[in-house]
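Generate the whole structure from the sequences, applying the supplied hints.
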Amino acid sequence: MDHILVAKNVTKTYGDFTALSNISLQIPKNCIYGLLGPNGAGKTSFIRIINQITHQDSGEIFLNGEPLAPKHIASIGYLPEERGLYKSMKVGEQALYLAQLKGLSKTEAKTRLKYWFDRLDIGDWWDKKIQELSKGMAQKIQFIVTVLHEPRLLIFDEPFSGFDPINANIIKDEILQLKENGTSIIFSTHRMESVEELCEYIALIHKSEKILDGKLSEIKKAYKNNIFNVGLQVEEDAQGLIQSLKQKFNILSSEMDEMEHQLHFKVQLPTSHTGDILEELSKMANINRFEETIPSANDIFIQTVNSKDNGE
Amino acid sequence: MASKLGLIIKREYLAKVRNRSFIVMTILSPLLIVGMIVLIAYLAKVNDDETRVVSVLNESAFFQTEFNPSKNISYVHLDDLTLEQAKDSTDSLEYYGLLYIPNGTTVEEVANATYLFTKDNPNTSVTQKLESLFQKKLRQDRLQKLGVSPQQFSNIEKPFEINLSTFKGEKSMKGVNEIKAIIGGGFGYAIMMFIIIYGGFVMRSVIEEKTSRIIEVIISSVKPFQLMLGKIIGNSLAGITQFSIWIVSASALMFLAVLIFGIDLTTLSTDSAMPPGPMGGMSQLGTMDSEMMMYAKEIYDIPWVLLIVSFFIYFILGYLIYSSIYAAIGAAVDNETDTQQFIFPIILPLMLAIYVGFFSVFSNPHGPIAVGFSLFPLTSPIVMLMRLPGGIGEGGVPLWQFLSSVFFLIITFFGIVSLAAKIYRTGILMYGKKPTYKELIKWLRY
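Taken in sequence, the protein lines are chains A and B.
Sequential numbering of the first sequence, starting at 1, is according to our numbering.
Sequential numbering of the second sequence, starting at 1001, is according to our numbering.
Derived by calculation from the structure, the hints in this document are not laboratory data.
Mixed in with the good hints there might be a few duds.
[Said to hold, decoys possible] Computed list of lysine to aspartate or glutamate pairs in EDC-like fashion (alpha-carbon distance at most 20 Å, straight line):
#1 B/LYS1434 x A/GLU82
#2 B/LYS1433 x A/GLU81
#3 B/LYS1129 x B/GLU1108
#4 A/LYS128 x B/ASP1334
#5 A/LYS90 x B/GLU1208
#6 B/LYS1433 x A/GLU66
#7 A/LYS87 x B/ASP1334
Please read all numbers here as calculations on a predicted model, not as lab measurements.
Right, here's the structure in full:
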């Protein structure tokens, strides 16, 4: 497979503190890659190395097959977690300045800014100062500045922090659109909800080490444990029913909804084969729910981190 | 890469010169300075113009011709009045005071019985004037008793000045060293002011980037060192702009002030720069012109080209060294209040240079202290400039001292800038805590 970014055994220390130890990652082209981990795990250190803000102590990084070099700055767009703009500078001037620092010509930058300002409804802010704008508006400008030079690789560090839900949605749609247009995206976060919606691939970093990576769907498959949520229509004697079920299956929990005459329970099967239980259940009552529980990214995250911590 | 540096310099420059307080300061400062000079000159003139009238009730025969009006005192003789009447009329005529000289048999006796009556405590310049007058009379009297005639006495009183010359035989001048040092000191002082004002600009600009959190966005596009350099250059260009505007507008304003108010600027300098000699007033007006000519020649002889060229060398190197330290401080802290503990050690060598300059270099421009401080890189930009008006080579700064001072400065420049860049690089990404010196040293190793 074609990779936009390949990291081989990257290590970085600050004095006695190890920020990254032996991290190897392969980030495929044209996908959204989630870089996950608790605060202080080393995500930002890794991202800063990709942006050539700092340099690794050892290990190699390749962008699009070439060793990372200063010229690549123009093909990377970075939205840092700690972000902001010059407060007393005008929006237009500021965007032009930052675009020019990324290597765009002034006229080119102007044309693209116009496009983006129209797209995100910020037409008449050109001469306003950042300090006159609301936080959400400033965040939109920040986003535009990040993507304006049409980088091949975009890196978002906690992109939704500081956005209200409406603007967060707008930005999410824009990120998906950028991916459609062929951009590769690294998405760093410790909030798992957004990971499920966006990421195809993830890597989990914990205490400076990579503990898990791969395609999200495959990871989930590997982490699922054949637990099913079942709902049955039961008119009478729910207790007897659950007792007889408990003898045959591993029932994890159960609950009777008297009003609706519904019995809900959670069952773990020895394999992913569901034919037997369904046959059994259909003899007993009407089945109105039968659903496999797929572990959320959050579950996987917590489970992996905990097992790693306990293993040490 | 070079064009990025250009972009940064341009932004920093424009951000600074468009800043409202910068514009206000640029316009207001010359007005304030010229206004202050005009005020001081005016006050000095008013002070000078005030002539105090002292009435004299003289019952003695010893004092007759002594009371000649001088610059600040004039005398009115009251005759045939009693002491009480004299006091009354002095008071009602609003004279400054009454000098009562009773009759007596000897000068000594008369002088000891003399009184000065005033409404309030008398001004010291008046009492000094009168005291010296009596002192002279007493000395003359005592000498006369020893057989010295008045003629001989006035011969004795003739002032004396030592002849000065250099080994080469040129007649050297009193005060020339001081004048030279003042000129050099002016340059050195300008450097210090520039460093303190515009170094502070650099520091605040770094802090602003940190607090607005734009820093990481910028350094994902440019190297931290480029940003730091661009900041220093941009801010110093803004500083040079401001300085130039100040000099031009202050000179123009000064010129106008002189035209309009007719202020004689020499009144400002004569009193302070030339302490009155033992002879008091200006007895030898004839020699003044030729002396002025010689001073003019001395000032003309100052190696101006050397001085200005070395001013730029020391200015650029000194400013770069100090402002990169300022940039590092700005990077290390989160807000301006935390900068105090780091700023003091920077100001210290600058202050030291100025004090050493004024106390040691003025009196002994080539003594060991002057040499030491003009070689030490953190003080040399100021101290060496105070020594340089004497020229390089014989009679001035030895060439090896000049060269090694510049050499040390360049070495220090590279050393300090690379250390500062390291602190800067690490500091700009650190938020939320005030670092200790120990941590700063640790950052140098990252």
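Verification of the hints:
A distance of roughly 18 Å separates the Cα atoms of B/LYS1434 and A/GLU82; the hinted pair therefore holds under the 20 Å criterion. Among the hinted pairs, B/LYS1433 with A/GLU81 is consistent with the structure: their alpha-carbon atoms are about 18 Å apart, no more than 20 Å. The suggested pairing of B/LYS1129 with B/GLU1108 holds, with an alpha-carbon distance near 18 Å, which does not exceed 20 Å. Between A/LYS128 and B/ASP1334 the alpha-carbon distance is near 27 Å, which puts this suggested pair outside the 20 Å criterion.
For the proposed pair A/LYS90 and B/GLU1208, the alpha carbon gap of about 16 Å is at most 20 Å, so the pair holds. For the proposed pair B/LYS1433 and A/GLU66, the alpha carbon gap of about 38 Å is over 20 Å, so the pair is violated. The straight-line distance between the Cα atoms of A/LYS87 and B/ASP1334 is roughly 16 Å, inside the 20 Å bound, and the hint therefore holds.
Hint compliance for this structure: hints 4 and 6 are not met, and every other hint is.
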